[in-house]
Amino acid sequence: MAIRIFQHYWQLHLAILAAVEAVIFFLAPYAGALARFETVHIQEVEQGLGSLLSRAILFAGVMFISMAAMGLYNSRQRSRLPGMLARVAASVISGALVVAVMFYLMPGLYMGRGALLLATALALGGVMVVRILFDTLVKDDVFKRRVLVYGAGRRAESISGLRRRSDRRGFNVVGYIPADGDDHIGVPHLVRLQEHESLLAWCRSRRVDEIVVAMDDRRRHFPMEQLLECRLEGIEVVDLVSFLERETGKLHLDILNPSWMIFSDGFRQGRLHGALERSFDIGASLALLIVAAPFMLVTALAIKLTEGLRAPVFYRQVRVGQHGKPFQLLKFRSMRQDAERDGACWAQKNDSRVTRVGAIIRTTRIDELPQILNVLRGEMSFVGPRPERPEFVGQLNERIPYYRERHSIKPGITGWAQLCYPYGSSEQDAIEKLQYDLFYVKNHSLLFYLAILVQTVEVILWRKGAR
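Here the sequence shown is numbered in numbering that gives the first Met the number 0, starting from 0 and rising by one per residue.
Treat the hints loosely; a few may be bogus.
What the hints assert, rightly or not - Only pairs whose alpha carbons sit at most 30 Å apart, straight line, appear in this in silico DSS-like list of lysine-lysine:
no., residue 1, residue 2
1, K330, K441
2, K441, K324
3, K324, K143
4, K303, K330
What the hints assert, rightly or not - Beta-carbon label-pair distances, calculated as ranges:
no., residue 1, residue 2, range
5, R205, A21, 32 to 38 Å
6, A18, Q427, 36 to 42 Å
7, D428, H220, 35 to 41 Å
8, L304, R75, 51 to 57 Å
Hint data in this document are derived by calculation from the structure and do not stem from the laboratory.
Note that beta-carbon positions come from the ideal geometry of N, C-alpha and C, so glycine has one too.
All chains, full assembly: derive it from the sequences and hints.
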């Protein structure tokens with residue numbers, strides 16, 4: 000089951016899990032301080048430390064961001080329970096170190112090493128217990144929505160063919176009802192209404208929460224009255240495109256149509272959102288340049304020492320930006336100078352054109368740091384579809400429907416597609432990534448933007464998609 004908050008879909012069990020863990024993180028400093036000073040009265044602790052509220056908010060905020068950065072609130076997280084608990088431990092320990100540094104930088108918030116250690120231990124133990132409990136509940140389908148699919152043909156197959164672990168889906172399909180006009184019957188769990196049995200009565204007896212309309216041809220015997228009857232009784236009725244958008248985090252090109260894009264909710268380009276995003280881009284770019292300056296200097300020296308003093312440090316390449324406007328993208332050079340003597344081509348795994356230094360900076364994503372200057376100049380944002388080369392864009396515009404629509408917003412250093420799909424090196428990869436890019440274009444908001452930035456930390460730490 001998924002809910003929508005600030006133009007973004009969240010799995011219900013993950014939203015509840017995040018709320019419960021946020022409360023644990025907030026209460027942990029109180030419990031740690033009480034245990035450390037051997038008292039049961041908050042007032043006695045605050046006489047020595049001052050208000051615990053600011054410390055609790057800081058502790059909870061850092062811990063929550065650390066958990067999110069490790070991908071622990073991501074519905075695409077594939078780790079089993081032992082791996083999940085290992086990530087929890089790494090997140091809490093990392094968060095505690097950050098909190099300790101912040102206490103050192105802000106002495107007024109200092110609460111003592113013993114109290115911080117106890118708070119961290121209590122937070123870690125509490126979150127691990129909650130994770131084990133939620134893992135059991137999710138497997139027992141407590142949070143899953145019971146779905147009936149009206150249709151059993153080609154379109155309905157896109158539901159049965161979802162490549163997800165069954166225990167991570169937010170729904171359970173109770174059956175597929177064949178409809179007039181289905182191209183062919185190719186799905187499991189076929190169900191048929193008995194004679195004189197209404198669709199509403201069938202849904203009631205099977206405790207159906209939602210009906211997904213997935214008929215191949217809606218012009219033939221569309222069950223308007225029956226679906227309306229179900230809707231008025233509180234059963235959700237949704238079309239296939241919207242259902243797959245919500246459950247997979249992408250817009251499926253094979254069933255997408257222009258009318259759905261025109262009338263659907265989303266695709267907002269508000270001035271306030273644009274101004275806030277631009278303000279954040281400028282502030283974050285300046286801060287990152289200060290932090291990243293030593294790494295950029297070392298990288299430049301390494302390229303010069305290994306490739307020769309005359310070798311260029313930066314690689315400038317024309318890319319297609321917002322509204323199709325070309326711009327020069329900056330990167331640290333990671334390939335030989337003659338890498339494209341035979342023309343433009345996709346980067347491949349274990350590409351022989353990559354230099355020794357290039358292999359390191361591509362894996363760690365250091366080669367992307369100069370793009371901060373593109374963000375400062377307003378040519379890019381931190382989050383958005385990755386900009387492609389004009390040579391590829393021209394081909395992809397002709398072959399892939401809706402490819403031009405990804406250029407309606409600024410390209411980004413990272414993006415939703417980079418979180419959800421590995422490195423793309425073919426036209427088929429471009430199609431897959433476009434589906435995620437369109438989802439971001441449709442649903443982008445400042446909260447979604449910030450969530451992608453935080454989750455990008457996981458991509459860098461686990462080297463996902465780097466080539």
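How the hints compare with the structure:
| no. | hint | result |
| --- | --- | --- |
| 1 | K330 / K441 | holds (29 Å) |
| 2 | K441 / K324 | holds (21 Å) |
| 3 | K324 / K143 | violated (44 Å) |
| 4 | K303 / K330 | holds (15 Å) |
| 5 | R205 / A21: 32 to 38 Å | holds (35 Å) |
| 6 | A18 / Q427: 36 to 42 Å | holds (39 Å) |
| 7 | D428 / H220: 35 to 41 Å | holds (40 Å) |
| 8 | L304 / R75: 51 to 57 Å | violated (40 Å) |
Of the numbered hints listed earlier, those contradicted by the structure are 3, 8.
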